[in-house]
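Taking the hints into account, I'd like the entire structure generated from these sequences.
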Amino acid sequence: MSGRVQSGYSYEFCDASHSSEVLEALHEFHSSGLFTDITLQSSSGQLFHCHKAVLSARSSYFKVMFTLDMRERLNDTINLPCIDGEILGALVTYVYTSKISITQSNVQSLLEAADLLQLSSLKKACENFLIRLLDVDNCLGMHSFAELHVCSSLERAALRIILSRFEELTLQEEFLEVDFQKLGVILATENLTVLKEATLLDAVVKWVAHDAAPRIDHLKELLNCIHLDVNDVYLKTALDLRKQSFESKLRSLILTSLKPSKGFSDYCKKLACSLYVIGGYYWHPLCEVHMWDPVSNTWVQGKDMPDFARESYSVVLQGPDIYVTGGYRTETVDALDTVWIYISQTRMNGQKDVR
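Going by my numbering, the sequence shown opens with residue 1, and the numbers climb by one from there.
No lab work stands behind these hints, which were simulated from the structure alone.
Among the hints, erroneous ones may be present.
[As the list claims (entries may be wrong)] Estimated spans, in silico, between C-beta atoms of each pair:
#: 1; residue 1: Ser314; residue 2: Asp202; range: 53 to 61 angstroms
#: 2; residue 1: Glu221; residue 2: Leu176; range: 55 to 63 angstroms
#: 3; residue 1: Ser31; residue 2: Asp76; range: 13 to 21 angstroms
#: 4; residue 1: Gln46; residue 2: Ser121; range: 19 to 27 angstroms
#: 5; residue 1: Ile102; residue 2: Ala188; range: 12 to 20 angstroms
#: 6; residue 1: Val300; residue 2: Met70; range: 35 to 43 angstroms
Even glycine gets a Cβ: it sits at the ideal position worked out from N, Cα and C.
Quick look at the structure:
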């Protein structure tokens, strides 16, 4: 048999271990200080000898720094005053090995540094870690943190807790320290869920009373956010006389200043859900009412309709209430002339019959 190889034969060889071996070699070069051409300095003065090519391959921050006409391009040492030594060391190891330990104690610092150095994969991993830690006692702070570092998933998850568990939130220390602008936005949000309308007023009173002197001037705006219409002249005069009002006095003062033509319940309606499923048929007419809350993404069962045998009726929404009209009972074909009104659970959580 001839030992010659046919000229038309070819084979594309790909070494599956090539990339990992290159990464391992670069890590060895870094560990031994071989071929390093740049030094990173942390806020605490620790030095890390690295390779420009490796940093640039993983971080757009360094790629721009080393390729554009920036001062750092000619420097041997890059000072990073916003990153401490422990975090910077972990980041350098991550760049060379793709591995890093994310913990509750370092996750926020890691995310801040990853955001600065444009390490997008690590930033996303830290964001997902924080989402798993979210609860009512930290959602306000996490929401602000997410806004600052443009973490949209964390921001949405934190806002979902803020809006769906607002009454619990007002019992947390974080709530008392929230700034006026953020509180105003929360109170004015359409999907804010409360079971009792007085919760909103109590929240405003509690926040203002916590630090009355600087916050009392924001009271009118916050009341507008929850659609409470007050007599401006009365409220201003009364507040000038009682700058040091306690919570109970402040709440009483607000209620007294409400314009007499407007009731409190007319101005503070927040539907607790956005979708109602009423009735249905399963061998016989159903009287169940189910409600879906898009904020918490949960279904809850409301109070059943009293007329369990009613079917083929019409359902309409008017303001905060749902009207059930017409139809007939199973045992007869005569049309019904009664109207059932399902009162929003933010007010009475029940039904009433109107003839």
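Results of checking the hints against the structure:
1. For Ser314 and Asp202, the Cβ-Cβ distance of about 38 angstroms falls outside the hinted range of 53 to 61 angstroms, so the restraint is violated.
2. Between Glu221 and Leu176 the C-beta distance comes to about 18 angstroms, which lies outside the given range of 55 to 63 angstroms.
3. For the pair Ser31 and Asp76, the supplied restraint of 13 to 21 angstroms holds, since their beta-carbon distance comes to about 20 angstroms.
4. Our hint of 19 to 27 angstroms for Gln46 and Ser121 holds, since their Cβ atoms are close to 24 angstroms apart.
5. Taken as a hint, the range 12 to 20 angstroms is violated for the pair Ile102 and Ala188, whose Cβ atoms sit roughly 35 angstroms apart.
6. Val300 and Met70 have their C-beta atoms about 57 angstroms apart, which leaves the hinted 35 to 43 angstroms range violated.
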